[in-house]
Structures are given as structure tokens and as C-alpha cells.
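Chemist: Here's the letter readout for the chains.
Number of protein chains: 2
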Amino acid sequence: MPSFTAPTKDLLFVLHDLLKVETQDIPGFAELDRDFTSAVLEEAGKMAADVLAPLNTVGDVEGCRLENGIVRTPTGFKEAFAQMREGGWTAIDCDPDYGGQGLPYVMHTAAQEPMVSANMAFNMYQGLTHGAYSAIYFHGSDDQKRTYLPKLVSCEWTGTMNLTEPHCGTDLGLMRTKAVPQDDGTYKVSGQKIFISAGEHDMAENIIHLVLAKIPGGPEGIKGVSLFIVPKFLVNADGSLGARNGVSCGKVEEKMGIHGNATCVMNYDEATGYLVGEEHKGMRAMFTMMNEARLGVGLQGYAQAEAAYQNALTYAKDRLQGRDVTGAKYPEKAADPIIVHPDIRRNLMDQKSFVEGARAFTLWGASLIDRAHKCDDAAADGLISLLTPVIKGFLTDKGFEMTVAAQQVYGGHGYIEEWGMSQFARDARIAMIYEGANGIQALDLVGRKLALDGGKHVMAFFDMVKTFIKENEDNAALKADFLDPLKAASKDLQAAGMFFMQSGMKAPNDALAGSYDFMHMMGHVCLGLMWARMARAAMEALENGATDTAFYETKIATGRYYMARQLPATAMHLARIMTGANTVMALEAANF
Amino acid sequence: MPSFTAPTKDLLFVLHDLLKVETQDIPGFAELDRDFTSAVLEEAGKMAADVLAPLNTVGDVEGCRLENGIVRTPTGFKEAFAQMREGGWTAIDCDPDYGGQGLPYVMHTAAQEPMVSANMAFNMYQGLTHGAYSAIYFHGSDDQKRTYLPKLVSCEWTGTMNLTEPHCGTDLGLMRTKAVPQDDGTYKVSGQKIFISAGEHDMAENIIHLVLAKIPGGPEGIKGVSLFIVPKFLVNADGSLGARNGVSCGKVEEKMGIHGNATCVMNYDEATGYLVGEEHKGMRAMFTMMNEARLGVGLQGYAQAEAAYQNALTYAKDRLQGRDVTGAKYPEKAADPIIVHPDIRRNLMDQKSFVEGARAFTLWGASLIDRAHKCDDAAADGLISLLTPVIKGFLTDKGFEMTVAAQQVYGGHGYIEEWGMSQFARDARIAMIYEGANGIQALDLVGRKLALDGGKHVMAFFDMVKTFIKENEDNAALKADFLDPLKAASKDLQAAGMFFMQSGMKAPNDALAGSYDFMHMMGHVCLGLMWARMARAAMEALENGATDTAFYETKIATGRYYMARQLPATAMHLARIMTGANTVMALEAANF
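Chains as they are written, first to last, in the working numbering: chain A, 1 to 592; chain B, 593 to 1184.
Since the hints were made in silico from the structure, they are not lab data.
Just so you know, these numbers come straight off a predicted model, no measurement behind them.
Certain hints may be false.
Stated by the list, open to error - Here are the simulated EDC-like cross-link-like pairs (lysine to aspartate or glutamate), alpha carbons at most 16 Å apart as the crow flies: (1) 909/B - 324/A; (2) 333/A - 993/B; (3) 251/A - 1010/B; (4) 470/A - 484/A; (5) 843/B - 659/B; (6) 1058/B - 1045/B; (7) 374/A - 95/A; (8) 843/B - 418/A; (9) 188/A - 269/A; (10) 506/A - 1132/B; (11) 925/B - 220/A; (12) 670/B - 617/B; (13) 329/A - 1180/B; (14) 921/B - 588/A; (15) 333/A - 916/B; (16) 925/B - 253/A; (17) 737/B - 659/B; (18) 843/B - 220/A; (19) 966/B - 1180/B; (20) 251/A - 1009/B; (21) 466/A - 453/A; (22) 317/A - 1180/B; (23) 1098/B - 324/A; (24) 612/B - 1180/B.
Stated by the list, open to error - Below, a sample of chain B positions facing chain A; criterion: calculated Cβ distance under 8 Å: (25) 667; (26) 1022; (27) 1025.
Unchecked claim - Facing chain A, according to a computed beta carbon distance under 7 Å, are these residues of chain B, among others: (28) 784; (29) 967; (30) 968; (31) 1054; (32) 1056; (33) 1167; (34) 1170; (35) 1172; (36) 1176.
Glycine residues also receive a C-beta, built at the ideal position from the N, C-alpha and C atoms.
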């Protein structure tokens, strides 16, 4: 069975050495001193390693079973969920008015990471609940907030998001689920929703479904979509549970992975629903939550890679096979551990440099969400809107790729389920698909975010890179290994952006045919920027007399690897992009 | 459930338009006229589509079960295996002296492809048997050939290869299984072998295990390994089955995929074994078969991608979602099929251009094996030895990547097992691991094959590319789209080869740290060469008045896509390689 240890030290490095959270001028950040964050992350790490990790294989093997309308979660999940609630892990960044701890979102994100690494399928139950909390918190009425939020904050009740239907996922304008207004102000919701994570299960008293549906007579397409609260059990005025609502689970899907999470077909049959916000404005509520939800999925991508990497590293140190080509490292043993071999090193360094870069990128993104929300900062809001599809698309593509790379270190054992490496890859795979498939992220980035507010945010991003390079150009230790490659990669990205602008309206396919490459290219530039910043932070720590020199030196060496071996990918993506749409769109559909 | 149609037309294009098999001066090739190959491939395609494809999901869902020492294969496998035997599909390239049809290996390979696409797990039972046939055919005694070959050719008996043990896979010198000589000339074989594909099952009367073991007192390490025939049932002098031998299946592994194939732990307890060839020369017999076996695994990689691509294409034409950005293509429908979207096109073209290039590469490789064997051609033998790790490593890495890409076209449905896309990815994954993990292929390529015979074969490969470019440089239709990119990519590859030569002995880690990138780079150059050749062949066909113009024009357009969008990867690989081993080997193992 695989093992897991929370990367607490590295999380603290990102929070304090890199982001210097306690000095940021965002309400609530001053509280985040190192003693406090250490204490929280130590406990989160214990919860992840001691409670959640041991249930990861159990969840995969047992899965969720639908029995007479009730979904049974795997052995031990219920008890672990209770521990999660008791530990307050579901409430970190929620409003204290509803029982939350009111901490910054960046702290919630940092504490989440080890739990997602340890057991992604399990953690989704609370992740979805957090999404439902946010939808009601930002768009619900006071009455709705009072009724639902305290129970969602504590996870006594859990939440779901119901968007997809059998014939529509990306194109929600095609939605058929309808909500018919009733005289009492409620709606009768009818239709079928699919791929509903945590749609039905046995770990909570009630499940609060957030459902997109169309009110008959409303505008066509996406502009006629409204958002409804549809509780599994209706809630009485005194807060107690009332009648069972007309919503039921029709099927639990058999999936490639995340077996511990119940992915349900949900049938709504004149279920009572309560409108959230205004009629026909349902998508607005969805969009509010999207940056958070997509950042959460990006985190899943690299968190699975982290878990897989830890095990691949252990295996590479333990497995004796062959000899170091430059001379036996352990002549007294039958063979050397495979970590001596350059190609195993390459593989491990790919994983390590990706995961650490992704962690920095994601927590930086989370801090931008805090700044946008808590400081009402339009620049931060614009920047995180731009970066969100990159965090989601790039980190999940690469995250999956790295779980596959980690599996490869095990040779044949990687393919055998009992070693657990297959599960990391199978679980990580979903993150590339849900919450907007990665092709949609690329479309969002190139078709929407680049031009948002007149291209202001992408220009701000380029300025940020340029300013960092300029501010540090006299730093010889950074120059050749970090700043020069970052400059080259950023130039590639700008050239691609320029090409898109020029093709823009007159040949939109030229831009869209390069959107996926652009997303990856921008991901590399973002990780390159993170690594340059982390290298500087590590150098500063060493200059300031940090005692843990091995940690900081390793950080710099890992960054050098990323800059030398990963960042050159931008030139390839640029070369592809510059060929435009010609070869991509050359064939008639019939001739494929 | 996914569907499958054999790509017969494209197989015929490769055999006749590209390789022009019937005109090649190799014994047996003259028989391969288009009427004959069409008839064979039509029948192979029917067998694949009608008999094997419908059992692919069955095999995945049911898997193989060990019950009281007997392994039960999935429902329908036994009957399908009988049909396979009756159709003569197990005997295509085997020696007529033993019941084979004596056709070229390239024909066997072409006929195999659709069967592997349709049901990889099933097809392994005969694939392993073919390997056992080859081992005995090339290294066994006349008596052994008479005893075992006819039954292996017909697949009345099947075969296995037993190399791996729990503590050793790549490094077979660590092997512990021992073979003790007996007075009657036989050996008593004892030990445990793992990951034995088709190690035990209920589809054949007897199973002939080929087992590597050490004879006590022999040389240390890999030089003391011998090869033995260990039949499940001993064979009497009259050919009838005798006593049960001391070999049994201890466990059937739970794997990520290929559930329909029984991957067994095999226990040998003083089992009677018969030496194949000379004592301590077991590895030589293994190496003889390696080119064929590895080519077969490379084929698995792209054959799974072919099957996945076919389904992704169908889905992309059927699924209505969103509108063509340049204007609705089907305004009368609720939405356009997703194949109108540039990013879906990019994805499909990646798949299509890879699979068709890989098919050409593999069949070219198979024809080189024919030339090497049947003409005793050392140049062909050297060239295929060089190309084999590329065929195995590159085509399985990319093949898996493309099954994942095909799965992505389905969005959420791709993750649900009943749609079948997950199985393609899970099955394809193993091809990157077995028959020498891909890191080992890269090591074989860079550490061994590049320098083989003084580097003669890699120089011959470069000459071949150069000659092709020179011969066609006046062909304006080829020049910019095919020859120029091929020249650039080949130059990148040569630069990397030069760098390796220069670091060579004095800094072997510099070469080994770049071995994986080199393997991929060389894969791209090989596919680039194939595409340039295929484009020329298609242009010739059009000039010669071929009526199926859409097919040939599509071929050229698909090639243009590969050259424009895939081949630029060589520059990235070169950039990585040129950074040497510094960043790769920078960390102490303890500091990871």
C-alpha cells in the first residue's frame, strides 16, 4: 500500500518565504504568522496521513454502491467524515457568522492540499459542500443563508452542483431541466442531471443540491438558466428536517477512478426548489464560484502528483537494480538503488520540479482570490480570472502526466493495483475533464480572458514578469539560470499573444487552433516565474543565515532543473501556434 | 460500447503504395500482390471486428479468475480462441514444416494490427505463443522442434516467457530460479516467476513455459542464465500428454488493465525442464526474439490509439455542443457537432497523424526484419536493431498519450467505464512498461545501439534521410511542407548524437540524462520520414490517376499536420539534451 507524508515544510516555504503572507496588506493575513500556520498545517497533515490516506485504497476497491435508493460509501468513510467535521477542517475560510473560522482562502487551500493528496475521492464530499456554501453565501437570500449555511459549514449537510445533463455539458444553453413557479414562491424542478459528484451518500443528514434549470417562458439558451436550492429533505421553519423531496439517485456510475466518490445520475421529479438570486441569472452565480472551483481542481492535479511522487521516490531509493554507470555506489549490495540512474533521476526531477512549482502557483492564485474578495481589488480579480484556466488546465494535464511518470518508476509493479500507483493515475485523470474539460479552459483563456478588459490583465501579467527580471538583473546567481530562460519563455508567450491579436477577429480559428498550446505555454511561464521567485526567496533565506541549508539549496537546484529542462517547451508550443489553423482545419469532416 | 472497423485500406496503402512489398527483393514478397493481401486483411479485419472486438469489454469487466489452480478466462474467449486457430491466424509467418503458412513477417504484422486494436488482452495469448515458437524455432533442438512447434503454430498449446522475479526485472543477473541437472539430461527447475502473461488459462490443452534459470555452479550474473522448456503437462514420446509437471499458478494479479489476460505468479517446484540451446547462453535466445517482441509491443501502443481514435472521431461527429465560431454549420440543429471546433480538430489530427505514421513505421520495421532474416542482410539487421527501441518506446508512450487524448474528446463520458474509452487508456498503459520499460529502451538506444558496429547503423539512418531529401529536392510539392521540416528535425537529432559522442566515455551521465529525450526525438524523425515518404507515395498515386482522390489528398494533408505541429518537438528535446546531466544529477539522493 502506498504511504503519504504531508509536505508541511514546503507549504510553509511557499506561504512565508515566497508569498510572505503575514506581511501582505489583505485583511486577515496578519494573523498568518509562521507559528500559527505551522500549527494548522501540522494538524492538517496528521489528519491527511493518519485518517484519510489509509482509506484511499479502501475507497478505490469498495467504491460506492446504490442499494434501494441509498448510496453506501466505503468502509470507514463515515467515521473519517465525522473526524473531519470535528476537526473543523470544513470551516476554515467560512464566515464566522455561520460557524466558520474566517481565515483567508489561501490558508484553506494550503490545508486542503495534503487531504486531497491523501484521498481525493473522499475530500470531494467536503469540496462540493464548500462550493454550495459559496453559491448561497454570495447569491442567496438572508433567509437561505440562515437556513443552510451553518449546516454546510459544519458539513452536517453536504452540497452538490447540478449542471450537466445527458445531452449537454459544455453547452448549458441546451439544458432541459425545468423549474415551474408555484403560487407559494417555490418552484417544481423536473429533469435529469448526470455526473453529480456526492449526489447521494450516507455520511450526512441532508444533501443540498444546487441545480441549474430553466423557467418555462424565459429567454432561450444560456440566458434563461436559473439556479435553485433543492434539498434532499425539506427544512422546516425551526430548522428540523421535514419531508423527503422529489429528488433521487437513479444510478451510481462505474468510473475509471475516484471510486470512493459517488458520481450519481440525479432524477428530479417535481422536486421543490428555491430560487437563488434572480430568475435567469443562474450562470452569474456559477461564474462567481468558478475561479475557486477551478483552482481546487488544479490543486487536485498536482496533489495527486505529489502523492505519487513520494511513493516513486521511496521505490527508487529501495529498489536495487543495475549499477551506477560511473561506478557502483553500493558495492556491498547486489545492485545499486535505481535512483542512481540518470533516466530515473530525470523522471523524479520532472515530478519534483512540477509539483513544487504548481504548489507555489496555486497558493499564489489563492492569495489573489483573497485580495480580490477582501480588498475589492479589480486588478487582482482580473489577474486571477486570467490565471484560473491555466491553473486548472495546465496543472491537471501535467499532474496526470506526472502520476503516470511516477507509476513508470515502479516498472511492472506500477501496473499492479495493490501497489497503488495505478489509482493515483486513474484518480488524477478526472481532473482534466470535470469543472470544464481542459480544451474549454484553453478556449476560455484565449477566447475570453486574453481580451478581457481590453487585454489589461495579460499586459499586467507580462509587466509583472518584466519587472521581476528587471529588479533582479544584477543578481548574478539568478541571471543565467533563472532570469534568462524566463525572459525567453515570456517572449515566446508574448509572440503567441501577438499572433492571436493579429489573427483575432478576421481568422478566429487561427487563435483557437493554438489555444491548447497557449495554455501550456502560459503554464510553463507561470511555473518559470514561480521558480525564479522561489530561487530568489531561497537565496535570501540562505543569506539571512537560515540553518536548513540543504532544504534551500535543494530548492534552488530543483528550480534550475525546471528552467533548463521544462521551460524550453515554450518554443515548441510557439512553433505549433504560428502554423495557425491551416493544417488543423484542412480536412472535411467526412474525410477523417 | 465502443465500435471497431479494421483500417484495411490504410494497411494496404502502407504495404503497397509506401513499401511496395510485391517488388521488394526479399524471398516470399513477390506473392504479396494487392489481391492477395486485400483478401487476407479483409478476413483479418472481419475476425477482429466481428469476433474479438465484442469481447473486449467482456474481458475487461470479467477478468481472469484463479479457481483451485485453474484460471478461468472471460466468457467467450475460449470459443473465440478456437475460431482464431481455425482461421489460421496463429500461423501466418510460421514455417510450413511445422504447419505454418510461411508468409513474410510483415504480413503477419499487418494482419495482427486490427486484432490487437480490437482486443489487446485476448490477442496476447497467441502473441506470447508466437514468441515461444520463435525461441524454440531458432534455438531448440530438432527433437524439441518436432515435439512442440506444430502445437504452438496451431495454438493447441500456448506459450509463455518467464523472465521476471519479484526482486529482478531489468537486472536479470540477480535471478534466483535454479535449474539442477539430472542424470537423464533434464533439469529440475525451482523458483518463482512473476508477471507471466497467459501463465495459466483454460483455452489450450497444454502450456509451454520458456523459463530463464541459473544452473548451480555456472558463471555469476547474467552470464550464468540458461533457457528451459517447462511444459505444464509433460509430453510423451508419441506426442500425447503425460504427467502434470511441477509448475503452478500461485496468483492472478489485479491490474490497471488488460484484465482479459491472466498475469500470473508462477511457482516452479522441481519442475522438469529441457535446456534450449547451450548452458548459460539463455540471454542470447532472448535477444534473438527481442526485436520481434518489442515491435509487437510498439504495435500494441498505436493499435490501441487507433481503436480509441475511431471512437473519438465518431463521438466528435455525433455530439452536438456549441457553434462553429465562424458561423453555425448546422443551423437547423440545436448545436453543431463538436468536430467543428478547432481544439477538437487539433486533438483528432494529433491522433490521426500519429497512428498513420506509426503504422507505416512499424510495417517498415517488420519488412526490415524480413530482409534481415530472409536475405541474411546485416545492414537491415543493424538498422532494425537501432530502430527497435524507438518503435517500442516512442510508439507506446505516444500511443498511450493518444488514448488519453481520445478519451478527452468524450468529456465526462470518457471517464465512465461503459463508454469504453477508459479501457483503451488502461490497456495501452502496460505497453510502456513490459518488454523492457521505456526508460530501458532509451538506455538501449543511447547506451548500446548508437555505438553498435562503430555507429554504422545510425550513420546509415542519417544517410537514408539525407538521400531521400536530396532525391526529392526538386519536388516543389514536397519541399516546404515535408522536406524542410524533416531536414531541420534530422539536424536536431544529429546534433544530439554528436553531443552524446563528445561526452561519451568521459561523462556518460550527460548522454544517459538525455536518453529519453533522444528516443522521442528519433521517434519524431522516423515518423517525419514516414510522412514525407507517404506524401510522395500519395502524390505519385494521384499523378498516376488514382480514382480515390479524397483518400490520397487526406493522406497528404494529414502528413502536413504532422510536419507542422508535431515535428517541432525535436528542438525542445535537443534543448533539454544539451543541458547535459548537471541539473539532472544535482541532488544528493537524501535531499530529494
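Chemist: Please go over all the hints and tell whether each is borne out by the structure.
Modeler: A quick look at each hint next to the structure:
1. 909/B - 324/A: Judged against 16 Å, a Cα distance of about 52 Å means the pair is violated.
2. 333/A - 993/B: violated (37 Å)
3. 251/A - 1010/B: At roughly 13 Å apart (the allowed maximum being 16 Å), residue 1010/B and residue 251/A satisfy the hint.
4. 470/A - 484/A: holds (11 Å)
5. 843/B - 659/B: Since the Cα atoms of residue 843/B and residue 659/B sit roughly 10 Å apart, the hinted pair holds (cutoff 16 Å).
6. 1058/B - 1045/B: violated (21 Å)
7. 374/A - 95/A: holds (12 Å)
8. 843/B - 418/A: The given pair, whose Cα atoms are some 13 Å apart, holds under the 16 Å limit.
9. 188/A - 269/A: holds (8 Å)
10. 506/A - 1132/B: violated (36 Å)
11. 925/B - 220/A: The given pair, whose Cα atoms are some 14 Å apart, holds under the 16 Å limit.
12. 670/B - 617/B: Roughly 40 Å separates the two Cα atoms, so the pair is violated.
13. 329/A - 1180/B: holds (12 Å)
14. 921/B - 588/A: Holds. Residue 921/B to residue 588/A sits at ~12 Å (cutoff 16 Å).
15. 333/A - 916/B: violated (63 Å)
16. 925/B - 253/A: violated (29 Å)
17. 737/B - 659/B: Given pair residue 737/B, residue 659/B is violated - Cα atoms ~33 Å apart, limit 16 Å.
18. 843/B - 220/A: violated (59 Å)
19. 966/B - 1180/B: Roughly 51 Å separates the two Cα atoms, so the pair is violated.
20. 251/A - 1009/B: Within the cut-off at roughly 14 Å; holds.
21. 466/A - 453/A: violated (21 Å)
22. 317/A - 1180/B: holds (11 Å)
23. 1098/B - 324/A: This hinted pair holds, its Cα atoms lying about 14 Å apart.
24. 612/B - 1180/B: violated (54 Å)
25. 667: violated (18 Å)
26. 1022: holds (5 Å)
27. 1025: This interface hint holds because 6 Å falls under the 8 Å limit.
28. 784: This hint is violated: residue 784/B lies away from chain A, its Cβ roughly 14 Å from the closest one there, beyond 7 Å.
29. 967: Violated, about 35 Å.
30. 968: violated (34 Å)
31. 1054: violated (22 Å)
32. 1056: Violated. Min distance 25 Å.
33. 1167: holds (4 Å)
34. 1170: Constraint on residue 1170/B not satisfied, violated at 9 Å.
35. 1172: violated (9 Å)
36. 1176: holds (5 Å)
Checked against the numbered hints given earlier, the structure breaks hints 1, 2, 6, 10, 12, 15, 16, 17, 18, 19, 21, 24, 25, 28, 29, 30, 31, 32, 34, 35 and satisfies all the rest.
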